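Chains as they are written, first to last, in the numbering used here: chain A, 1 to 374; chain B, 1001 to 1294; chain C, 2001 to 2519.
To be clear, the hints were calculated from the coordinates, so they are not data collected in a lab. Being a predicted model, the structure only gives us computed values, none of them experimental. Each hint should be verified, as a subset may be incorrect.
[Unchecked claim] In silico lysine-lysine, DSS-like type, Cα no more than 30 Å apart, as pairs:
1) A:K131 with B:K1207
2) B:K1281 with B:K1200
3) A:K114 with A:K183
4) B:K1141 with C:K2151
5) C:K2039 with B:K1118
6) A:K5 with C:K2189
7) C:K2404 with C:K2011
8) B:K1064 with B:K1077
9) C:K2070 with C:K2189
10) C:K2052 with C:K2186
11) C:K2188 with A:K10
12) A:K209 with A:K269
13) A:K104 with C:K2198
14) C:K2307 with B:K1281
15) A:K10 with C:K2186
16) A:K15 with C:K2038
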Amino acid sequence: MASVKLTNVKKIYGKDTVAVQEFNLDIADKEFIVFVGPSGCGKSTTLRMIAGLEDISEGTVEIDGVVVNDLQPRDRNIAMVFQNYALYPHLTVFENMAFSLRLKNVPNEIVYEKVTKAAEILGITEYLTRKPRALSGDQRQRVAIGRAMVRDSKVFLMDEPLSNLDAKLRNQMRAEIILLRQKIDTTFIYVTHDQTEAMTLGDRIVIMKDGFIQQVGTPTEVFDMPLNLFVAEFIGAPKMNTFKTKLVCEGDKYYVNPYGAKIEVTGKKAEMLKGKRIGSREVILGVRPEHFVLSSSDNPEAIPCKIVVNEMMGSELHLHVVEDNGDKLIVRIPTVSLSDEQRASLVYGSTIYVTFEGKVMHFFDPETQANLLV
Amino acid sequence: MKKQNDNKIRKTGLGARASRRISNTIIYIVLIIITIVWLFPFVGILLESFKTETNMQTPYLFPKEFGFDHYVKLFTKTDFLKWFGNTAIMGVATAVLQTIFILSMSYVLSRLRFKGRKALMNMMLILGMFPGFLTMILIYKVFADAHLIEEMAPLGLIIVYCASSAMGYYVSKGFFDTIPKSLDEAARVDGATRFQVFYKVIMPLSKPIVIYTILMGFMAPWGDFVLASYLIHENSQGMNVAVGMYEWLSRTNMNTHYTMFCAAGVIVAIPVVAVFLALQKYYVEGVTGGAVKG
Amino acid sequence: MKRLSDLDYLKLNKWQAFWYKFALFFCAIPSALWKGIKKIGGFFKNCGIAVKDEFVDIGSTFKRGNWAVKLSFFIFGFGNLFYGQVMRGILFLLFELVFIAYMVVPTGGIYWLSKGNWFQKGATIGTVQGGFQYNEVFDTDVWVPGDDSVKVMLYGLLTFIFIFAFIYTWRLQVKQCRICMDITAKGKKIRSGKDDVKSLLDDQFHKTLLALPLAGILAFTVLPIIYMVLVAFTSYDAAHDGYSNLFSWVGLDHFNELFNFSQGGLGLTFGEILSWTLMWAFFATFTNYFLGMFVAIMINKKGIKIKKFWRTVLVMTIAIPQFVSLLYVSKLFTTSGLIGRVLEQIPFIHNWRVANNFVSLWDSPTVARILLIVINIWIGIPYIMLMATGILMNIPQDLYESAKIDGASSVQQLTKITLPYMLFVTGPYLLTSFVGNLNNFNVIYLLSGGNPIKGTAGGASVGHTDLLITWLFKMTLGSTESKYYMASIIGILVFLVVAVLSLIVYNVIPSTRNEEDYK
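Next comes chain A alone, as it looks inside the complex (with noise of 0.2 Å):
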């Protein structure tokens, strides 16, 4: 039950290689954050050196409004769960969540409770006397994560602690992580590569590239109006399409031009680009594959392409779909929607014709790869 706020945080390994920079966070008391991004992003660096397991090169971490920079991690009361659960192997399940209060010469009676109470709320109360390899992964991380419940400690760190799980136990501990976090109620830091767990858990997310952060923001602020490029192919599933195209603005009306169509901006977006006063210009027009829909040869707004791989996923399907001059597109399309006939047509080879909205464009400036409407 802490706050934590990181202030300027770099990280430098050897003389010159800069894992992590300009790294200004502030954490709320019991929030929910999610740091996410491609391997080797800084993320995990980051986790380690609020948890003191990094020496932090510049800046500062504070914990509950104390610099901790120099504190050992034992003198921090963090909680942390690894990636390969770091179980003991000599110790019994019991004895690896009674781990830390041992530790601290805890009087037996309190450590039986605690665990005790902890392995009930994780359900693994019947495995108390087994030994860690006798486990299944789930379990394991069960435990992992009572490990660091019997703690009371003020922040909760986990990194990457769903990646070794397949993928139906991974979205089972998704939700319980999501239970689990209503009854143990305290702050908690989660570092994942998955924009899915991201989104699904975080309620802010931390979006990192290269060792700095891109955005952070809601999962909704996120997704709807990501602040550059990067933000927006890595955040959503498909990821979004991207074309190199041009912006019209005639009078007060924007359009966009993508092989050859020509679609009007409409809705919010297009009082946003007014109000930022853009004029006609080169952008990389962002569209997520959702937004696609099925048109028809005679609409001038619709784009022809060709099929390329057809994946069906049962509620929906995705199309991969080469434009004319080779782009490649993903559009997702919702199987309700369709009838056995155009179902039927959908095969490799042939030529459809998609086209978007006008309200659901992202405008990207080619050159910084900011967000234009920000």
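Please arrange chains B and C on chain A, whose structure you already have, making use of the hints.
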């Protein structure tokens, strides 16, 4: 001429089962020959030690008269018991001290990061390239002044065996390197000091390498000839088994002590082989682990 | 040599590729050596920079330090005491007092340093030669001891080390005082003695663990090695043992003696022993390596039963102390030994022995050498077998399965999968094993004792099967001929051989660099 692209399904050469049977038979024959060759000296030494008819080398292997004469003589007429005791004491002391030294060094180099770590490793690598025996010239002089030679040589030898033993840290460092680092980190987050990490987490997990190190330390004095002979000179009271028994096979003693050597050899081999075979599993782990790590 | 591009390399046929690689290997040696030398140069350059930085830092510390810091330039630990680090302060101060006391007492540091005539060619080490003098009490000549060169050198060396330690400690405590000052200026708390002790079990835990092992290495390896390197430049031998006769500094004279290839010089003997040593190491390493590997492959082959039994038979050889088995085996091959007698029955061998006047097989240089290598196989195979077994078990089974489906016969599986894998993983081991064999004292000394003898050199008898290391041993055995200085020189040369070899191998063999390929 072989066809380059022959896609027909047909039998080439012998069938799968027949060829396996032939190769296995050959292997069994080779292995049996190997067994005989490797066991021959041991069986020989054992049989010859029971010969009572002569003290010399004989053209036959099986004793004409079985008896324990040489064993009795060994303990009543020679200092063998003293040598054996010396070696055993050295073995135990070396096992304990060496294990402490080697494990400390390898743990530090594997788990802790500090200034000068690389330099320390390089220094030991370079020192290891000198023939270790060279240091004995000075050590002998110093020990002679400190009365750690001849009769007191066992004490001196324990110091020599153990003092620099940490330079042989490679195998156990290789073992420690395989224990995931996140265990240390988890323990530190859980509130352990480095020392607590060492004895509460790493040590309980390191049983194989601890036993391996103890085993190597225990066996070293039994086989050492060069360092021991240098410090002991000819003083019978301070000898270890190797130096003592070496004299028995010199050209002058050969004809009177040959069978006694065999008897002594059997007695020396028994404790070492017993310990070794009991802990063979750990030895094998050490050898393979260390070699693969390089 | 011109390097081919990857695609051009792929065009070569098997033989061309082999020769290309072969040439590449040898062409790489000079550059590997050069790299090594450059590395050493870089090391010294970095040292220079570090020393310069130290001086700059000391200067600036003195300039901006307050009076307490300035005073601690002369009184050790003063700054620590001033800033409340009582324990450190007292330890530093104590160190300074002990050092000064040691240096100035009558037989202290200054005394020993002045006796040594350090590095003055021709000068004796120690100044007073002992000798017999008439003694009135006993009415006869008695030995009046003078200096002992061995001690003068040793204590002189220790004093040098003490002086270095003194300078280092001085630097350390000055730095600490400055840090204390800076911390106080920032208004932060200074570590107390209690913190220091606590940290020895925590963030300074390495110091606690390393204290004993490092002290042992310094006292019993570093110091003696420095000492023995110095001995190489003196005339220390049995006649000049330092006590009855002082020995003196001779510079590089004895190196010249070793490399003197004319009559009376040691050059030829040295060359012969070195070449046999290298030959021995080569054969001992590779015969063991390949035969051991084949034994391992045989035992581990699918379908071979009682694997554990075969393995244990071999492992017995490791368990039984080498001196027992080696001495016994060496006697087996004499004319009266069991095997020797059997061989005697063969007329050809018998006649050959009698014709050459050999008492036993060990008396023929060539046969002795071959016997050594063969018996060494008997000793070495079990180790390799164990190691190879471990590696074999690590080879993923699906590699073999996929090879079988691709059409590999069992011989092909061996040559295309098992051997390359093993060679790759054990590359570094081969080097260690080669170096180990260069210095394989036990096997040679216990089996042949270096015999048959071919003459005396360097104050010791030398045999045809002597390695450098056994020759070195014989030179120090305390006979009246012993030449300790020559032993030192040989030691240094062994070091050089090993160092150059390691440098080349580590820079040329791929597996020391691309560790990840097979993981």
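Structure-based check of each hint:
Annotation: proposed proximity of A:K131 to B:K1207 holds, straight-line Cα distance about 17 Å (limit 30 Å). A C-alpha spacing of about 24 Å is found between B:K1281 and B:K1200, which places the hinted pair at or below 30 Å, so the restraint holds. Annotation: proposed proximity of A:K114 to A:K183 holds, straight-line Cα distance about 14 Å (limit 30 Å). Among the hinted pairs, B:K1141 with C:K2151 is consistent with the structure: their alpha-carbon atoms are about 9 Å apart, no more than 30 Å.
Using a Cα cut-off of 30 Å, the hinted pair C:K2039 and B:K1118 holds, with the two alpha carbons roughly 15 Å apart. Our distance criterion of 30 Å between C-alpha atoms is met by A:K5 and C:K2189, whose separation comes to about 23 Å. At roughly 27 Å between alpha-carbon atoms, C:K2404 and C:K2011 fall within 30 Å of each other, so this suggested pair holds. At roughly 24 Å between alpha-carbon atoms, B:K1064 and B:K1077 fall within 30 Å of each other, so this suggested pair holds.
Restraint check for C:K2070 and C:K2189: satisfied, since their Cα atoms lie roughly 21 Å apart, inside the 30 Å limit. As the CA atoms of C:K2052 and C:K2186 are separated by approximately 28 Å, the hinted pair is consistent with the 30 Å bound. Proximity of C:K2188 to A:K10 is assessed by CA-CA distance (about 23 Å); at most 30 Å being required, the pair is judged to hold. About 27 Å separates the Cα atoms of A:K209 and A:K269, which keeps this hinted pair within 30 Å; it holds.
Annotation: proposed proximity of A:K104 to C:K2198 holds, straight-line Cα distance about 16 Å (limit 30 Å). This hinted pair checks out: C:K2307 and B:K1281 have alpha carbons roughly 14 Å apart, not beyond 30 Å. A distance of roughly 22 Å separates the Cα atoms of A:K10 and C:K2186; the hinted pair therefore holds under the 30 Å criterion. Annotation: proposed proximity of A:K15 to C:K2038 holds, straight-line Cα distance about 21 Å (limit 30 Å).
Of the numbered hints given earlier, the model fails none.
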